[in-house]
Every structure is written in C-alpha cells, then in structure tokens.
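J.: These are the residues of each chain, in order.
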Amino acid sequence: MSTQAVVSAVKESVETASPLRIEARATWLDAGRPVRAHKTLSLRDDSGVVGYVPGDLTLTVRAGTPLSEIEQVTREHDQWLPLDPYGTSDGTIGATLATASAGPLSASFGLPRDLLLGLEFVNGRGEVVRGGGKVVKNVAGFDLSRLLTGSWGTLGVITEVTLRLYALPKVDRTFAIALKGSEQETGRVIHVITESALSPYALQYFSRPAVRALELGEHPVCLIRFGGNDAVVRAQVNALSQIAKPEETESEIWTRVRQLDGSAHTVVRISSLPVQFRAASARILGDDVGGIYVSIDPRRGVLRIVVGGEDANGDSGTAAIGSSVDFHESQGVIFEKLPPDIWSAVSPSVVSDPLSQGIKRAYDPRNILNPGILGDLM
Amino acid sequence: MTPPQASPAQTPSSTVSTQSAVAERLAEIVGERHVLSRQSELLVYNSDGLPGYRRQPKLAVFPGSGEEAVAVVRFLAKQGLPFVPRGAGTGLSGGALADDIVVIGLHRLKKIISLDVENRRATVEPGVVNLRLNKHVAPHGLLYAPDPSSEAACTIGGNVAENAGGPHCLKYGVTLNHVLAMTVILPSGEIVELGSKVGERDGYDLRGAFIGSEGCFGLALEITVKLTPKPQTVRTLLADFMSVDAAAHVTSAIIASGIVPAALEFMDGPTIRVVEDSIYAAGYPRDAEAILLIELDGLEAGVAADLETVRRVCLDGAARNVKVARDEAERMKLWQGRKKAFGAMGRLAPHLIVQDAVIPRTKLPEVLATIHAISEKYGVVVCNVFHAGDGNLHPNIAYSADDPAESERVHKAMIEIMRACIDAGGSITGEHGVGLDKMGYMEAIFSETSLNAMCELRSVFDPERRSNPGKVVPVHACKEWRAVSGGRLRIAEPPAEVHEPRPLEAEPARPSAR
Ligand SMILES: Cc1cc2nc3c(=O)[nH]c(=O)nc-3n(C[C@H](O)[C@H](O)[C@H](O)COP(=O)(O)OP(=O)(O)OC[C@H]3O[C@@H](n4cnc5c(N)ncnc54)[C@H](O)[C@@H]3O)c2cc1C
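Which chain is which? The protein sequence lines are C and E, in order. Numbered by this note's numbering, the letters in the first sequence go through residues 9 to 386 in order. Numbered by this note's numbering, the letters in the second sequence go through residues 1271 to 1784 in order.
For the record, the hints were derived by calculation from the structure and aren't laboratory data. Accuracy of the hints is not assured; some may be wrong.
[As the list claims (entries may be wrong)] Cut-off 30 Å, straight-line C-alpha distance, at most; resulting in silico cross-link-like pairs (DSS-like, lysine-lysine): (1) K1441/E x K178/C; (2) K178/C x K1593/E; (3) K19/C x K47/C; (4) K1467/E x K1441/E; (5) K1405/E x K1381/E; (6) K1500/E x K178/C; (7) K1500/E x K1380/E; (8) K253/C x K1500/E; (9) K1749/E x K19/C; (10) K1381/E x K1467/E; (11) K1405/E x K1593/E; (12) K178/C x K1381/E; (13) K1405/E x K1380/E.
[Said to hold, decoys possible] Part of the chain C face toward chain E, derived, beta carbon under 8 Å: (14) V58; (15) V61; (16) G95; (17) E135; (18) R138; (19) G149; (20) S159; (21) N237; (22) L363.
[What the hints assert, rightly or not] Covered stretches of chain E, going by a simulated chain C footprint (3 or more residues, C-beta under 8 Å): (23) 1326 to 1340; (24) 1594 to 1600.
What you are looking at is a predicted structure, and each value in this text was computed from that prediction instead of being measured. Think of the CB as a built atom: it goes at the ideal place given N, C-alpha and C, for glycine as much as any other residue.
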C-alpha cells in the first residue's frame, strides 16, 4: 500500500460510483458506526516510519502504523508520543487522528490535534494533499491538519502524519487513592486535589463497578500519575500524602483503564465545564450499577460512561445513564460507540451546519469516503 | 473600491455607487467620527508592522460594538464590497493591508466579556490587547499563555488570525492550543459559533480551521480562551558563548536532555550589541557572539533540578558564563532586551526586513552557518534573534532602501536565506503568517493540489473572496478562481517579491516580560 495505491482506489471508486469504507486495523475505532459502502479500503499494510530524527522530537509515519510500533521505536530513544486513546495500542495512528481519540494523558499533553504537525491525505477526487509540515511550529497556509483531525475519514484518507514527540520522563509513577468516606468526604478530597498545585500527567476518578473491573478494590478510586525528574515527582507524592492516602500501583494499570471498553456495546462521553464535574463527581462515583463503568477526568472536563461491561446484568444500560447524569449545562454528549442499530436514531448528522457540509462537498464531492459514518452529510 | 453594479432604485437597502455614499452609510452605523475616508487620515493604515509594503485603503470603519461590526459586514456583503479586518496592525507579513478597499478596524471592540476563574477561561472581544488580558487575569493567579513579543500592542483577534506564538509557546503551545471557541461573522454576514465554550464537540474542527486563517475566513467577534495557572516558580538563565555554533549546539542539547524549558531564546552578537547600545540595554555581555535566554518554570523542586541540568549542559557546551536572574527585577531586565530587540534594530539603519522561517532544531548549527555565509557573500549584516527552542528563526537585516544597490543585495540575501531554510526541511513561517510577504514562497512548499485544497476551504467560508482578498494563497494557484478572474471584484494580486521599503516607524509595541 502506498499513497499512489490509495489514489488509484479512490479514483476507481469515483468512476464506478462505489463508496469506500476506510479501515485500518479495525480494532476499536470503527465503533459500530454505519457506513454505506460495499468496498473496503484498508490501510493496514501501509505502515512504518518514514522519518525520525530524535534530536528534533518529531516523527513521520505512514497512517497504518500501529501505536505499539510508535511506542517501540520512540522508546529506544527515551521518547514517546503521549497519546493513549481508549482501546489497545494495536490501533493505528491514522485512525486515532481521524477519530480524534484521546485518553487520560490528554489533559496534560493535549488532544490528538495538538500533537499533529502535518499530514498527507487523499481527498475524494483522488488528489494528494499536504497540510502543515514537519517542524514543530508552522503557520504557512490554512490549517488542513486540524480540519482532517476528527473528520472520521469523510474528507480524505490520511496516508502519512508528522507528530510531536516528548522525552520520556525520568520517573513515572502512578498512585491510587481509595475514596472510602461519605459522599461529602469524597467531594472534599476531589476539591482539594483539584485546587492543589499538583500537576499530574493523568488524573481520573472511577466508579465502583469500574474499580472492580480494574481489580482495585471495592470503593471509588482516584488514579493519579506523576512524571518528570525525580525531585518533582517526589515533591508531588509528598504533597499528595498530606491530602489523602495514596497507594502506589503499577503503571500497567493505565493499559487496563484504556481497555475498560472491552466488550462494551455503548460508550458515551459527556463534556462540560470542569467545575460542574467537580460538583457532581462524588455522587456519580457512588453509583453502583453492574456493567456500567463511569470515569471522570475533571481537568479535561469529561465524563465517560461505558455500558455493557463483562459484569452487565440485563439491559440496564440506557436507563442507568439517564439516572446518573444530569448536567444541565453540559453541551457535548458524544457517542463514541453504540449498538449498530441505534446509531441512526441518535445522531442524524454531527456535521449538519452549512460550513461543514460545504467542506464535505468540496473535498469529497461524490460522497465516496465513509458515507454515513457521521450521519447523512449530503 | 469596485464600483458596484448599477442599481436603478436607490432604496436604503440597495447598492450605493460612490465612495462617499458608502462612507455615509457606514457612518450611519458607527457614527461619523468612526469612518475615515480622507487620504491623509488613512495614511496611518497603509502599512502594518512590516516595513516594506504600503497599500492605501479606500475607507476605514471602526465599529464600537459587536452589533455595529455585524451591521458593517452585512452592509458590505449587500454591496458586494471586499474588506480587510485589522487589529492593532502589528502584523509582520502585510496581512492587514487593504489595497484600495475598506478596512474594518477592530480596536474599539475591547471588552473582556467574561472571566470564569474556576473553569479557567475568558471570553473577550477581538480588540482586547494581549497584555491587557494578562493583566486582567493575573490577580487570580492565571495567565493567557501565548505571549508574542508585541503583546503590549497586538490584539487577541489578530493573534487568532495569525495563530500567534511567542517565547513561552515552546512549553505552552501557540494560540491554536489556547482558543476554545469563537463567534465569527462570515463575510456573508452570517454569524456562526466555532468550537465550544463549555465542552468538547464532535464534527469537523472548524475552530482549528479558522485559527491562522489570516482574516480570509471572516471576522472573529468573540473569542473564548483557556487560561493557565501561573507556575509556582520561574527561573531565568542567561548563558553566553564565544561562538554562534556553540550556542546552537547547546540549544539542541537542552532539547535532547528531555527538559522542556518555558522559553529558550537566542540572540547573536550583532543583536546583542544593538540592544546594548539602545535604551533597552539589558546587561548582556557585549563581547559575546551569542547568548541564550532560558526560562524554566513549574513546581519548585522540579525547576531546581532542571536548572542544574541546564547549567551543566551550557557549561559542557562551552558557555563562558551562566548567570541566573536573582530577582524579578533582574529577570524583567533580561527579558526586556529580548522583547525590544526589534525596536532596537530600528537604530541600525532606516529600514528592516524580518523573516520567520522554522527549521528542524537539529539543523540550527548548519543553517546558522549558512546564513552567516550568505551575509558575507552579499556584504550585509544579519541580526539573529529568535525562538531557538522551536527552531523558529528571525533573521533580520537593517539597511537603507535609499541605496538601490544595497537594497538589491539585501533582498537577494533574504531570498537565499529562505531557500536554505526550505531546503533544510523547514517552513516559511512559524508565527507571522503568509500575508502578502510570503505568498511568493507558498508554491515552494505546497503542491498545486494542496494549495487548491486551501482555496476550496477558503471558498466555503468566503465564497466571494471578499474578506482580505489577495492574501495567503496566490490567486493563480486556485483552480476555480482562475476561471473567474476578471470578475467584478477587485482582487489585488501582489507580485511575488515586492519590497517597497520604508523607515521603521515608532515601535508599535511596548512589550515587557511576563
Ligand atoms: C515588535 C514586534 C514583535 C512581534 N513578535 C511576535 C511574536 O513573538 N510572535 C508572533 O506570533 N508575532 C509577533 N509579531 C507579529 C504580530 O504582533 C502578530 O502577528 C499579532 O498577532 C498581530 O496582531 P494585530 O492585532 O496587530 O493584528 P493585525 O496586524 O492588525 O492583523 C493581522 C492579521 O489578522 C487579521 N485580523 C485582525 N483581527 C482580526 C479579527 N478579529 N478577525 C479576523 N481577522 C483579523 C488581519 O486581517 C490581518 O490579516 C510581532 C510584531 C512586532 C511589531
């Protein structure tokens, strides 16, 4: 697979009016979203490093490169791409960017759009387009990199990307705090941690069922990850110990956090003002409905509900979501994953505004790239 | 201004045909005092921060509220008239220049609409000056991270349009990483919300597409930004070197050590001496060939450890001295020299050219050597003062445009320097934007299909191409636009390499360190 092969495939589809489903390793990112296409364009074999100069902290890879390969290549130079989308590292970088998937590290290191320096894609006419560049700062031309991030393949097939890397921290430690007290006490701990000077790499709260699935005990838990030089991590651990009773856990726990979605049929992400989560967190974390995992990232302002975990009993799903969430001012209710037959019912189109429609028409005039995946576009 | 198509019945909403009629109608919206149409009054608006280009606008209009701005844009839309949004006019790419068309000046829109300390965000009008926002949020222990050296004058609207950076963007990211949402008035007069003030949003990232669109996608009328807690500790180091090469290698070594300084700035010998000869003298060692200004911030314990590492890296890399600012006053003084360097260069010669290329950081030693060789070849003095940690160069040449032979040498040198940066795998601009100035280089870094994709994106926001026409992407690179050239809109197409130098006027900005 090469850019040229993608061009040929797209051109052929245009000529034969047969839309394409764009796929990489088809791990978690297709999320059951409906695509009206009989043909699949797979980027699975279009993988590998195109350019890596560790001293520049930039990496250029083909879109089909699995995150695990990026992890491996960069670790050899004590560097990393701090991107930890839910799912496994089997997924590809192209799909991660196309779906703008982000995990617990994003509150510190940014969303996928913040780590992308430039890309190459093939639009719906089979033309090769490049946006951005290979350097860490760049304002030349209009920003096609941001435009393609999160466009779910509907504007172009991403073929190559250049990313910003970071040095691996000298020290990287994770702690769990069991929130055993009353709702009020839990609320206090959450408040104090948030208002403290701590600057963790990741900070997440988990409801009881999620904690059980993570095998971290019986009470709601706060997972907190510190990175940096030895002194800064030690200082923060000391400070944290003044607030609560942190217990060190394996960093491996984050891999399990990313896989909580495992067998779930529904994942909903609710985003709102950070303060609103703080206020409601303690109550939500207390909820205990089997098979429903709630996690809260108070800094990013995101609450994630995973329905249909392995311990699910019956179809309590949707009702339970309704009862645990009442963020009146929350704006973004984003469905990450739904049972296939429910998709069309919940999201007719997330890009129904005239600007988005205009961009779609310009970049994919024949609607052959992943038609239907964001609802009906045209 | 293009004479609009004749309209038989001159009802209030129909097109008007003369400049004075347009001025009159604009005055009805914003008040007579806020419309300029005399050529002498408009002179102030015939350039931006980049000496080298002048374009005379036809009219300038200054709305005093968001509603007035909307009414102005809607009126111009109805008339089919092109316009150029303008903030403080500190831009360094000729972006805010209006060639015989209307300028919409936004500096009167300077309300800080809301500040939400708990959620760390603020919503502002576009004419709010960057430093004023920072002063406003400072008492709450917060800051707005992007800090262009022009922060004392430039506006948040201009920052959004240029995706502005600054010394502290090395650690904190550029404007793009700090803007959550915008209310935009499209050139058609329609109002749209891009991004989300409250949370995350799915769908296309139109917010991201708008930031850095250089006024070509419409006007940002309300901007919601993310605020950052002030770091617990800030330490600033000054390392001086007897060679440019040593300082360049140390820059790479610091980045390679894994430490992300809050800022890592470079000044070469000619720049140091210019600054030290000026009223902004910061106490830099005059005999050094290069200095690095390095700032570390964060939690006390971590900063102290990093400070030692950085000091060692500098000394291992042949730094002559490494001085750590003892107090805030000393720190401010060190920063003042850096932030005023452009202003100080005004003393060297009447004219100044500024470039903004970005190169991969490991290529710094090599490219700086090439720049030196080019300056010797053409007999010009290049002052390098730049964001080294990002590889974002600012080679500047001060010269006299009244000497045609010198002008020619200067421009040839600048073109060769840009070439060297592109050949090193770099970009033509890191923060100043393409505007008019760098349009001629766009085809050197983007293919025809890529430029066309940019034209198509622009056409969605501005199908008639009335907002800041003739900037960023050369008209001839746009397939669909070529077909309609000769249409009724006047689109000024600047030649690729125009330099009409003029004296550097009073320094537009009075920046200070954060
Ligand atoms: C001494 C000096 C130092 C500088 N240092 C830096 C630096 O460190 N980093 C950096 O990035 N830049 C720097 N600059 C460049 C400049 O200050 C920035 O580009 C700044 O963002 C421009 O803001 P402004 O308000 O002056 O915009 P203007 O110059 O008025 O306009 C710039 C562009 O923005 C458009 N525009 C303005 N307002 C709006 C709006 N509300 N909606 C849509 N479009 C709009 C204009 O049409 C134009 O294309 C420096 C300039 C000077 C003179």
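J.: Could you run down the list of hints and mark each one as holding or not?
T.: Taking the hints in turn, this is what the structure says about them:
1. K1441/E x K178/C: Distance of about 18 Å is within 30 Å: holds.
2. K178/C x K1593/E: 26 Å, holds
3. K19/C x K47/C: Holds, at roughly 13 Å.
4. K1467/E x K1441/E: 24 Å, holds
5. K1405/E x K1381/E: Judged against 30 Å, a Cα distance of about 14 Å means the pair holds.
6. K1500/E x K178/C: 24 Å, holds
7. K1500/E x K1380/E: 24 Å, holds
8. K253/C x K1500/E: The given pair, whose Cα atoms are some 27 Å apart, holds under the 30 Å limit.
9. K1749/E x K19/C: Distance ~19 Å between K1749/E and K19/C Cα, so the pair holds.
10. K1381/E x K1467/E: Given pair K1381/E, K1467/E holds - Cα atoms ~17 Å apart, limit 30 Å.
11. K1405/E x K1593/E: Given pair K1405/E, K1593/E holds - Cα atoms ~28 Å apart, limit 30 Å.
12. K178/C x K1381/E: Distance ~45 Å between K178/C and K1381/E Cα, so the pair is violated.
13. K1405/E x K1380/E: Answer holds: K1405/E to K1380/E is near 14 Å, not above 30 Å.
14. V58: With a minimum Cβ separation of about 12 Å from chain E (threshold 8 Å), the hint on V58/C is violated.
15. V61: 6 Å, holds
16. G95: 17 Å, violated
17. E135: With Cβ-Cβ at 4 Å, under 8 Å, it holds.
18. R138: OK, holds: R138/C within 8 Å of chain E, min 5 Å.
19. G149: 5 Å, holds
20. S159: 6 Å, holds
21. N237: Since the shortest Cβ distance to chain E is 5 Å, the answer is holds.
22. L363: With Cβ-Cβ at 6 Å, under 8 Å, it holds.
23. 1326 to 1340: violated (count 0)
24. 1594 to 1600: Check failed, 0 qualifying residues.
This entry does not satisfy hints 12, 14, 16, 23, 24, going by the numbered hints stated previously.
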